[in-house]
Amino acid sequence: MKKLTEIRWHGRGGQGAKTASLLLADVAFSTGMYIQGFPEYGPERMGAPITAYNRLSDEPLRVHSNIYEPDFVAVVDETLLESVDVTAGLKPEGAIIINTKKDPKELLPLLKGYKGKIYTIDAAKVSLECIGKNIPNTPMLAAVVHASKVMDEKLFLENMRASFKHKFATKPEVVEGNMKALSMALEEVKVYEG
Amino acid sequence: MAINERLSGNEAVSFAIKQINPDVVAAYPITPSTEIPQFISQYIANGEMTTVYVPVESEHSSMSACIGSEAAGARSMTATSSCGLAYMFEMLYIAASNRLPITMAVVNRALSGPININNDHSDSMGARDAGWLQIYAENAQEAYDNFIQCVRIGEHKDVKLPVMACQDGFITSHAVERLELIETDKVKAFVGEYKPEKYLLNPDEILAVGPYDTPQYYMEHKKAQTEAMKNARKAIKEIAKEFEAMTGRKYDMLEEYRMDDAEYAVIIIGSSAGAGKEAVDELRNAGVKAGLIKVRVFRPFPDEELVAALKKVKGVAIMDKTDSFSAAGGPLGAEVKAAIYGKVDGITAANYIYGLGGRDVRVEHIKQVFEEIAELVKTGKAPETYKYLAIRE
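If you're matching them up, the sequences are chains A and B in order.
In terms of this note's numbering, the first sequence is residues 1 to 194.
In terms of this note's numbering, the second sequence is residues 1 to 393.
Since the hints were made in silico from the structure, they are not lab data.
Do not take every clue at face value.
Within a straight-line C-alpha distance of at most 30 Å, the following computed DSS-like cross-link-like pairs (lysine-lysine) qualify [claimed, not checked]:
(1) Lys167(A) with Lys188(B)
(2) Lys154(A) with Lys171(A)
(3) Lys167(A) with Lys18(B)
(4) Lys387(B) with Lys312(B)
(5) Lys165(A) with Lys387(B)
(6) Lys186(B) with Lys165(A)
If you want the ones that stay clear, here's a sample from chain A, every Cβ over 10 Å from chain B, calculated [unchecked claim]:
(7) Arg12
(8) Asp26
(9) Arg45
(10) Glu78
(11) Leu111
(12) Gly113
(13) Ile131
(14) Lys149
(15) Asp152
(16) Leu157
(17) Thr170
(18) Glu176
(19) Lys180
(20) Val191
Just so you know, even glycine gets a beta-carbon here, dropped at the ideal spot from N, CA and C.
With these hints in hand, go ahead and build the complete structure from the sequences.
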């Protein structure tokens, strides 16, 4: 594992990009890593573009600034590809992970010549099938773990069960659906290696 | 065994308050400190704390309620940010001059205007002369550790002053980080029971709190207040030593990072110290003798420690996360320069205003500051009185 992995999330207010970054921090913590999960705060409203970040490392973290040269970028809402410079600073040896029905190759024209890997996942389909609602952040979380390899996928699933039980303490009935969404997303994520 | 956890700065401070279980919490919500009274209300509703929560209609009232309960003999706490702190301004002085050791979590946020919810130090720096101690945290761990120590420091028999435990709004208050918590029984034992020497609910000793003071005695009371602030230095160090014995984590008036043989130094407060340390390491790897001084305690001011740390330094940049609009720099700049005047020879001291209203502070920015002070030292040029860092021209 590389010492430090930096991830930038792009989503729209209400889609759970912030929650996804906090859940990723949570599960990485439970595997023994040092973690940061934080959103960029502003006057956000439902539907407005938002950014959230993760730093994951096996060493203590001390820089608290935003992330400008991420290893991975997660795009929770593909309409952002047209309005936000999502690949800004993204390392070519890293990857971008996009929630879309489209084939990774079809998105190339929107990625400003990004040279790294492109992962796609139809997070709407996965969450509708498994959770019964369009909650894209759970499948996106699995896709990000798959693409970034920040932790072993089996370990990820084991620890997520505990995280979900904690997060959904007042509505335990949704834990199974979310777990199913993670497993399905890990299988459905597609990659274009460029 | 210490408890490994992942919490935001606000969660960490709320957890410390839960562990301490004070007699009274009176608070009014304001971003980004709102979560603290929110979490505490939940703890109380769940029966996890026995604290009396006073829901008030403003920050002027929250501070007034804390003053009343603390004077009565009850350990009292609150939390606020930005305009909330400004709205307490009148009562801050009452708390300090009545020698009431209230502990307040300040989650630093810019004062309006233009209206802004993000971090800088304009709120607590605006209240720097109110007679409160001010201790600043770099991360969630320090926010937690400082808060626990602040209770002891304020209540120390030679101090008896209120304390602001400050952390950077959003940057640490809303970022989830890994940290070590202390077992609750150890926290309770460390803080101990609050036993005020004099208090209003003591039937054996009738007293008045906050009466009119005549010119014949007003100055003596102010002198007593300033002596208490001087005494705080010793108390802060003693309590830090005890805390270190319990946790292994070392605290002092300030933190020196790679200062032993440093030729160039940056003096900074709060969360940006992390980016500063990263910049120091990168510059050290490139052969530059860089170092960093993080001011942890701003009130009382660490003047002697700063003089000692800067003795061998050729150039220093003093970083202010607020502008005092003196047209001569920020408060940290002014106070550091006053502290070293006549005591540190031949040093080039530059003052920067940075990170206002949540402007992101990057490692590159601090490296730029080091480059600029090195250039000043090399050319022998005098620095500008103060300048804004990373500003659009």
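Hints, one by one, checked against the model:
Between lysine 167(A) and lysine 188(B), the direct Cα distance comes to roughly 28 Å. Compliance with the 30 Å bound is thereby established for this hinted pair. A threshold of 30 Å between alpha carbons decides the hint, and for lysine 154(A) with lysine 171(A) the separation of about 24 Å falls inside it, so the pair holds. With a CA separation close to 20 Å, the supplied pair lysine 167(A) and lysine 18(B) stays within the 30 Å bound. Distance check on the hinted pair: lysine 387(B) and lysine 312(B) sit about 24 Å apart at the alpha-carbon level, within 30 Å; holds.
Our distance criterion of 30 Å between C-alpha atoms is broken by lysine 165(A) and lysine 387(B), whose separation comes to about 51 Å. Distance hint between lysine 186(B) and lysine 165(A) is fulfilled; the C-alpha atoms sit about 29 Å from each other, no more than 30 Å. Consistency note on arginine 12(A): stated as away from chain B, and its beta-carbon is indeed over 10 Å from all of that chain's, at 19 Å minimum. The Cβ of aspartate 26(A) sits about 6 Å from the closest Cβ of chain B, inside the 10 Å cut-off, so the non-interface label is violated.
Look at arginine 45(A): its CB is around 14 Å from the nearest CB on chain B, clear of 10 Å, so calling it non-interface holds up. Non-interface call for glutamate 78(A) relative to chain B: holds, since the shortest CB-CB distance, roughly 26 Å, exceeds 10 Å. Under the 10 Å C-beta cut-off, the non-interface status given to leucine 111(A) relative to chain B holds; the minimum distance is some 25 Å. For glycine 113(A), the non-interface assignment is confirmed: its Cβ lies about 24 Å from the closest Cβ of chain B, beyond the 10 Å cut-off.
Every C-beta of chain B lies more than 10 Å from that of isoleucine 131(A), the closest at about 23 Å, which supports listing it as non-interface. Its beta-carbon lying about 20 Å from the closest one in chain B, lysine 149(A) satisfies the requirement of being farther than 10 Å from that chain. For aspartate 152(A), the requirement that its beta carbon stay farther than 10 Å from each beta carbon of chain B is met, with the minimum near 19 Å. Its beta-carbon lying about 19 Å from the closest one in chain B, leucine 157(A) satisfies the requirement of being farther than 10 Å from that chain.
Every Cβ of chain B is farther than 10 Å from the Cβ of threonine 170(A); the closest lies at roughly 12 Å, confirming the non-interface assignment. For glutamate 176(A), the non-interface assignment is confirmed: its Cβ lies about 24 Å from the closest Cβ of chain B, beyond the 10 Å cut-off. Its beta-carbon lying about 25 Å from the closest one in chain B, lysine 180(A) satisfies the requirement of being farther than 10 Å from that chain. The beta carbon of valine 191(A) sits about 29 Å from the closest Cβ of chain B, which is more than 10 Å, so the claim that it is off the interface holds.
Of the numbered hints stated above, those contradicted by the structure are hints 5 and 8, listed in ascending order.
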